[in-house]
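Start counting the sequence shown at 1; every next residue gets the next number (the working numbering).
It is possible that part of the hints are untrue.
Unchecked claim - Just the calculated beta-carbon pair ranges, DEER-fashion: (1) Val71 / Gln221: 20 to 28 Å; (2) Thr110 / Asp77: 44 to 52 Å; (3) Leu264 / Ile195: 17 to 25 Å.
These are computed hints drawn from the structure, not numbers from a lab.
We put the beta carbon where it would ideally sit given N, CA and C, even for glycine.
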Amino acid sequence: MNNAADFIYDSDVHSTVRSRFREVWAARHLLQSLAWRDVKVRYKQSVLGIGWAMFVPLSMMLLFAFVFTRVVPVQTDVPYAIFAYCGLLPWTFFSASTTAAVNSLVANRTLVTKIYAPAEVFPLSAIGASFIDFLVGGIVLAGLMIYFSLTSAAITVSWTVVLVVPVILVQILFTAGMSFFLATGNLFFRDVRYIYSVVVTLWMFASSVIYPMKVDDPAAQAVLNLNPMTPILDAYRDVLLRGLMPEWRAFGYAAAVAVVTLILGWIVLYRMQHRFAEKV
1 MNNAADFIYD SDVHSTVRSR FREVWAARHL LQSLAWRDVK VRYKQSVLGI GWAMFVPLSM
61 MLLFAFVFTR VVPVQTDVPY AIFAYCGLLP WTFFSASTTA AVNSLVANRT LVTKIYAPAE
121 VFPLSAIGAS FIDFLVGGIV LAGLMIYFSL TSAAITVSWT VVLVVPVILV QILFTAGMSF
181 FLATGNLFFR DVRYIYSVVV TLWMFASSVI YPMKVDDPAA QAVLNLNPMT PILDAYRDVL
241 LRGLMPEWRA FGYAAAVAVV TLILGWIVLY RMQHRFAEKV
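All chains should be built: construct the whole structure from the sequences, respecting the hints.
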């Protein structure tokens, strides 16, 4: 096998994937321990503790609500505060996961070099730690949904809330694929973590996090639609706030991108892991 394409079409690929999945599953307790360690270290000796997982997106929501309702008004079909929070929460999960995953192999250099563990465990543990924050922040979102469903006719909370599960799954698949790429890249080029910190900030403003991504120029709209995070964020709002099914063409595109990103990211990580010890 000389390249990624050979790997994809190799007759042994299915057994390789199954074997690797079994290894990751066998290391699930290590993954859980690393995720909880990251959470504990993150909030160690802080007054609010894990409450910061609620405070950060909530404070950002209040800031953007002031800016985009008072200073530069933005038209949204639901109350802006919950529109913003419903975008900020999953975006924070994505950005925090990938930002932590960039350095996950380097930060765990002792484990990478001294014990055998599937390399996937380290970026996945970063995602796991951020997912805990995501769930805690979801408590605030649930409260906002209840409040606005009682005070605003624009909010419809219905059975479609159960569809948030596949939306979260698609986001996790995309996040994992990106994390595999970034963690591997940063191991060989340490500038990746700094470049990505800039990219992810710009990426937020090119996604429908704090305002709808609708422009009059069809060409510009087509370019914006290539961003898979926009249909993912829109799907969150559809199923949680509008009582609608996701727009399946856009969400299907995001799901396809997520799967392809996961596969390619995993191939890169898998193919490069034999050089990890010399690079950390």
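Right, here's what the structure says about each hint:
no.	hint	in the structure
1	Val71 / Gln221: 20 to 28 Å	holds, 25 Å
2	Thr110 / Asp77: 44 to 52 Å	holds, 51 Å
3	Leu264 / Ile195: 17 to 25 Å	holds, 19 Å
Checked against the numbered hints listed earlier, the structure breaks none of them; every hint is satisfied.
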